[in-house]
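Colleague: Those protein sequences? They're chains D and R, same order as listed.
For the first sequence, our numbering gives the first residue as 616, with consecutive numbering after it.
For the second sequence, our numbering gives the first residue as 22, with consecutive numbering after it.
One or more of the hints may lead you astray.
Derived pair list, reagent style DSS-like, types lysine-lysine, alpha-carbon separation capped at 30 Å [said to hold, decoys possible]: (1) R:112 / D:622; (2) R:145 / R:183; (3) D:622 / R:107; (4) R:145 / R:112.
Simulated from the structure, these hints should not be mistaken for lab results.
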Amino acid sequence: MNDATLKSLLAAEAPPASDPRFVVAVMGRIEQRRFRRELAMTAGLAVCAMALAGLLAPSLEITWHDDFAPYTSNVVIALVLASITLAVPYFFPARGD
Amino acid sequence: MTELDAEPAWVRQAQAGSADAFGRLVHIHQQRLRAFLRRLTANHADADDLAQETFVFAWEHIARFDPGPDFGRPFRPWLFGIAWRKYREGKRGWIRRLTRQGHAAEDTPTVFQPDPGLRLDLAKVTAALPPEQRAALLLCLACEFTHSEAAQALALPLGTVKSHVARGREKLVAALGGSDE
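Can you make the complete structure from the sequences, with help from the hints?
Modeller: What follows is the structure in structure tokens.
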């Protein structure tokens, strides 16, 4: 029995050379992991931001009433917040995008 | 240009974050990796699950792969090395499951009895080989790895791999009832 015979025996039940379903399953699993990781990171950041906001709320309120509210319109504030929201994904893109 | 010629470029692109390039790497390596794991685990579903986990791990850690000078180092020993480690890590789980299903536990050396009258059951024969010997044999015979590549994938000395392949081959030939040429 030579190596060629052994090779053909071992290759008898091999999967197909091209299997798009398997490739899609792998890429799907990768995307799923990435989504879960990003979701966990976003949730963690949100919790941290809420905690920080809670801690700083009293001093922020004073600063807001004394320094910002009399001079800044709500439209400008909304625009600044919208810009930050759009800029974050641009500067911190997800891997593979 | 064949797919294997294009591999270094796809590895480079995947390291730069291209999921499309990594998908091509999955496409060209999936057949041999799954065949290798199917022979190791003796269970198609578990092997395919392990293969998917291997590719996911490879994607997440592809920056660690060192392509060497001029991108001459092949990708597959690194990839199969991940699969081998994952198999070893999960082996206790496989053994438990196999035992529950009533199959013979792995790592149990058996005395081969040639039986040409019965249908050839290569799966049983290979499953009875010690895991490292089986892996070395499968890589070198079924996956066409060089001894050096197999040694890299299994993190074993080259001499050990050569010895595993020679002994495993002898056992296979004896078990299948053939004569060594």
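Colleague: So, for every hint listed, does it hold in this structure?
Modeller: So, going through the hints one by one against the coordinates:
no., hint, in the structure
1, R:112 / D:622, "25 Å, holds"
2, R:145 / R:183, "23 Å, holds"
3, D:622 / R:107, "25 Å, holds"
4, R:145 / R:112, "17 Å, holds"
Checked against the numbered hints above, the structure breaks none of them.
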